[in-house]
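In order, the protein sequences belong to chains U and E.
Note that the first sequence covers residues -12 to 314 in this note's numbering.
Note that the second sequence covers residues -12 to 314 in this note's numbering.
There may be inaccurate statements among the hints.
Since the list gives no way to pick one copy over another, a pair counts as held whenever it fits inside one copy or between any two copies.
Said to hold, decoys possible - Dumping the calculated EDC-like pairs for lysine to aspartate or glutamate here, alpha-carbon to alpha-carbon at most 16 Å:
(1) K287 <-> E186
(2) K13 <-> E129
(3) K223 <-> D283
(4) K13 <-> D137
(5) K224 <-> D137
(6) K223 <-> D200
(7) K224 <-> D144
(8) K223 <-> D137
(9) K259 <-> E178
Just so you know, the hints here were simulated from the structure itself, not pulled from any lab data.
Protein chains: 2
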Amino acid sequence: MQAYSSLFTILNQAIDQQQVSLGKAKPQEMYEPMSYILGLGGKRVRPLLTLVGCDLFDANPKEAIHAALAVELFHNFSLIHDDILDNAPLRRGNTTVHEKWNHNIALLSGDGMMVKAFEVLAKSNKVHVPQLLNLFSKTGLEVCEGQQYDMNFETQDNVSVENYIHMITYKTAVLLGCSLQMGAICAGASEHSQQHLYEFGKHVGIAFQILDDVLDVYANDEKFGKQVGGDIISNKKTFMLLDAFELANEAQTKELNNLLFSKEISNSEKVKQVTALYNTLGVKELAIEEANKHTDIALKHLEELEANTAKKNSLKEFALHLLNREV
Amino acid sequence: MQAYSSLFTILNQAIDQQQVSLGKAKPQEMYEPMSYILGLGGKRVRPLLTLVGCDLFDANPKEAIHAALAVELFHNFSLIHDDILDNAPLRRGNTTVHEKWNHNIALLSGDGMMVKAFEVLAKSNKVHVPQLLNLFSKTGLEVCEGQQYDMNFETQDNVSVENYIHMITYKTAVLLGCSLQMGAICAGASEHSQQHLYEFGKHVGIAFQILDDVLDVYANDEKFGKQVGGDIISNKKTFMLLDAFELANEAQTKELNNLLFSKEISNSEKVKQVTALYNTLGVKELAIEEANKHTDIALKHLEELEANTAKKNSLKEFALHLLNREV
């Protein structure tokens, strides 16, 4: 995104600096993994949104740099701990912290990284700290709750599409809303604009996650960068799977259950047959429809807020760019 | 402590209320363990100190109630995660969270409890939130660092007494200093008084931890409430053990190493012989001397700060009561 290249420059410089200082901090055993995971890159969308949220109201984006760093540190803490919870070997194509070091190191450096996020947030302009802390801690708690709901789903039989939307809202979407609103807070934007910006980010986040699940099944293998069908293989309760169960007739329900729990079917055959059932039931289209619904809600909120029109258009364009990933 | 009974009433009411509300919160899997560990009691010294720190400057102690709760929540988060790290089966005589539920639940509810601490802190008077957040997050990071140093000591050969003091300062003492200072911040005390109060709490904490190690060896079994000699059995690098290595002659060093690493000696014999060597070297007295040194430093800081003399005396009495545990 050309419009955000100068914001990205500011952001990357700050994150790189943070990474270097974490890499030097003692005790090394606790700080080195923080530096390591920050260095794995990622798209850095969340902290960028914080700077965007500040710039949107014509304030100097550097006013929001501590909040942006806090968001990125928090997000990376959650990755370290989620990877322990999921027993994941890889993160962004690299060894996860608990695999590269061990579980205790990953637990404690994750803890430290979360506290570090709050420590960095405290460096923001004092006028804004109370509201920033309020929003950031509330959101952090919701992210943990979302992670817990996601874990619960693994062994829960009666998960509804509504439960799923609630889970991804907490696990993923609220942090996008929070990232943007923190920028707006740093810019001194009105409460009204802040709220609309938060809702914009939240609904973009919901749409993003639904489409991410669609991509997992329907993406072009090479462009996607990870194995297509991974969610199907692991029986992950995505929007499409839950919707499929809600729409399936008796025979289709039986077939779906067979596919999920049979130990005789190969992974590739499982992906192929579940996808075929998804096609019959039209759940891909329904998922895209649901994502579009949330995108529309997001854009309505964007319209409502009072900011520079050109900058609002850039943000709209950026969101659509994030969401338009060739499904 | 009679002087603090009304503060204890305020505190216990607030913690009990917090415990009930956590017990009702959803998702239950994440919040129930928080409620459980809060309900195990403990002495609640840290949050009491926050109310004391506020009361000391003649402010309404309720001004500091959110800060006090934040301290107790943070402390309990650290217990949940430390018990995972130490693979401990019991906490305050009850099953630890990871044993009662499982590792993933303990990890995530610990995370949630830490974020909750910050969320509760955010409810403090806005005027004080920036300074509270600054102190609390800095201290939280130090507590994590102290835990990491403690873990490092397990496999580290050349731990000095100085390293040990640094470790307990971070792992234990700074949170006591922080607890008191947060109360002072909520009371609007001067920076000068705040600093002296922090140093008072920190040095009381150091003295407390050194004496705790002495008690582990020399306490009256029944009064102590846990197995005497546990630190010796587990080769824990306490002040006395490190001091013993620093003072031992060649033969004594060899004997000590034999006692620590021999697989043929029974636990009770190990405790007996290591204690005998401690007695020969006089490390108990040296440890008490070191603790007294820190108590004296603490009391000098207490003298320096500007507050109601009667209340300063009560705090002095309370600290000496905490430290005077019949070694």
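Outcome of the hint check:
For the identical chains of this complex, K287 and E186 are intra-copy neighbours only, at 10 Å inside a copy versus 54 Å across copies, given an alpha-carbon limit of 16 Å. In this assembly of identical chains, the alpha carbons of K13 and E129 lie at most 16 Å apart only when taken from different copies (11 Å versus 31 Å within one copy). In this assembly of identical chains, the alpha carbons of K223 and D283 never lie at most 16 Å apart, being 27 Å within a copy and 61 Å across copies at closest. In the homo-oligomer, the alpha carbons of K13 and D137 lie at most 16 Å apart only across protomers (13 Å), although the nearest pairing inside one protomer, at 35 Å, exceeds that limit.
Proximity of K224 to D137 under the C-alpha cut-off of 16 Å is restricted to the intra-copy arrangement: shortest distance 9 Å within a copy versus 41 Å between copies. Taking the closest pair of Cα atoms, K223 and D200 come within 16 Å of each other only inside a single copy of the chain (10 Å); across copies the shortest separation is 49 Å, beyond that limit. Proximity of K224 and D144 under a CA criterion of 16 Å is satisfied intra-copy only: 10 Å inside one chain copy versus 49 Å between copies. For the identical chains of this complex, K223 and D137 are intra-copy neighbours only, at 10 Å inside a copy versus 39 Å across copies, given an alpha-carbon limit of 16 Å.
In this assembly of identical chains, the alpha carbons of K259 and E178 never lie at most 16 Å apart, being 49 Å within a copy and 68 Å across copies at closest.
When the structure is compared with the earlier hints, violations turn up for hints 3, 9 and for no others.
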